[in-house]
Amino acid sequence: MRTLSTAAWVAHNLGLAACFGGLLFGKAALNPSLSAIDSEAERGKVLNTTWNRYNAINVASFATAAITWFPGRLGLSGKEIDQQTRNLVLAKDILFGVGALSGLASVIQGRALTGQAPDGAVPIESGTTPASETPEKAASLLRSVNQLGNLNILVTGAILGITTVLSMKATKSARFSAVSRFLP
Amino acid sequence: MKTPSSIGKVAHDIGLSTWFGGMFFGQLSLNPTVSSISEESERGRVLNEAWARFQAANLPAMLSTLLGGRLGGVREDSELRAPGLRRAKDVLLGGAAFNTVASAMLGASTAASRGGATQVRSGTRPSRKTSPEAALAMRLLRFTGDGSLVLLAATMAVSALIEAAEPKPRGLFSRLFSD
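Listed in order, the protein sequences are those of chains A and B. Using the working numbering, the letters of the first sequence map in sequence onto residues 17 to 200. Using the working numbering, the letters of the second sequence map in sequence onto residues 189 to 367.
Among the clues, some could well be false.
Unchecked claim - Heads up, incomplete: computed chain A residues facing chain B, CB under 10 angstroms, no partners named: (1) Arg18; (2) Ala23; (3) Val26; (4) Ala33; (5) Ala34; (6) Gly37; (7) Gly38; (8) Ala44; (9) Glu58; (10) Asp135; (11) Val181; (12) Ala186; (13) Lys188.
Please keep in mind that the hints were generated in silico from the structure rather than gathered at the bench. Ideal Cβ placement from N, Cα and C applies to all residues, glycine included.
With the rest of the complex left out, here is chain A (with noise of 0.2 angstroms):
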């Protein structure tokens, strides 16, 4: 078994993953619960303090997805197995890329969103709706993210499904399996 390229492929796996459950079940669990605390502004709080906890988590995990993937492919470029490969692997490349755009994006503006308040208790009716007591900037910022996040998890799903599919067609190629022998 090749060691380093084992290792290098369980740490992507486990990078993406955390990635694309982390951010469904800030979507789809935290935010609409956020409602449930009277205070609009403790709502503020909570959604901050906990997405900036969780961002840290999502650019290491983002990063060591992309750390793992790059080196790789500089050496595999999916040639060795067919054109729709190829073509497969040329699409991980730019979703990569936007991905790490729109996640620092991302990270950028629910830094500048938790900055509009102390402790970033930014008053929100839910963690995808301002309050009507949300100053303009915050809602913008509170919109931007949400919409950022939005193409954060379609990236991240993407990612994950043509890597399942890049894998399938690495373990059917003899020929790629011919040449991942020379892989450390």
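Fit chain B to the known structure of chain A by using the hints.
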């Protein structure tokens, strides 16, 4: 050699990622943060509501992982590549499913006290005002929640090891009589 179906494998992988990543977010990010809510009963309301919403999405993800693996041919493919690891993965996935279902049931029993407004210190620690039944459920939840996360991480690692393994050569007769 029979290969797993793409839909089955994608369903298995996306389901496992949702399951693992969601538990990761909940345990590492949400559970400790609720202690910043000033009212203890509101901490319980947020926790119970968020985890219940997640379980509604997670149970289909869990089924997708298990059924995608079973019906999509992922398990048969693993058996050809690494039979020992396939058995280890079965045990780990079974353990993760057991812990997750137990967590969902314990969460529901915690939420049943005071209509979901359980008074808690944080997502994993009861407060002095927590009822004894809810406090016991929370202590057990800490164990089942951490257990799910560790077992899921191990499942993902074993899955990658299986995918990296070459199919084992089989005898002439088994190759002749299989598709």
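Problem set entry | Interface hint status, Asp135 (chain A) versus chain B (Cβ within 10 angstroms) | 8 angstroms, holds
Exercise. Does Ala186 (chain A) pass the interface check with chain B, least Cβ-Cβ distance below 10 angstroms?
Worked result: Nearest chain B Cβ about 8 angstroms off; hint holds.
Exercise. Close enough to count: is the Cβ of Ala44 (chain A) nearer than 10 angstroms to one in chain B?
Worked result: This hint holds: Ala44 (chain A) lies near chain B, its Cβ roughly 5 angstroms from the closest one there, short of 10 angstroms.
Exercise. Per the CB criterion, is Ala23 (chain A) less than 10 angstroms away from chain B?
Worked result: 9 angstroms, holds
For this session: Answer holds if the nearest beta-carbon of chain B is closer than 10 angstroms to that of Lys188 (chain A); otherwise answer violated.
Result: Result: holds, 6 angstroms to nearest chain B Cβ.
Exercise. Taking 10 angstroms as the limit, does the beta-carbon of Val26 (chain A) come near enough to a beta-carbon in chain B?
Worked result: Given a least distance of 4 angstroms, the restraint on Val26 (chain A) holds.
Problem set entry | Hinted contact Glu58 (chain A) with chain B - closest CB pair below 10 angstroms | 6 angstroms, holds
For this session: With a cut-off of 10 angstroms on the beta carbons, see whether Gly37 (chain A) makes it to chain B.
Result: 2 angstroms, holds
Exercise. With a cut-off of 10 angstroms, does the beta carbon of Arg18 (chain A) approach a beta carbon of chain B closely enough for the hint to hold?
Worked result: Status holds, d = 7 angstroms.
Problem set entry | Proposed interface contact between Ala33 (chain A) and chain B, which counts if any beta carbon pair is under 10 angstroms | Holds, because the Cβ-Cβ distance from Ala33 (chain A) to chain B comes to roughly 4 angstroms (cut-off 10 angstroms).
Problem set entry | Given hint Ala34 (chain A) near chain B, where the shortest CB pair must fall under 10 angstroms | 5 angstroms, holds
Exercise. For the hint on Val181 (chain A), does the least C-beta distance to chain B fall short of 10 angstroms?
Worked result: Since the shortest Cβ distance to chain B is 6 angstroms, the answer is holds.
The earlier numbered hints are all upheld by this structure, with none contradicted.
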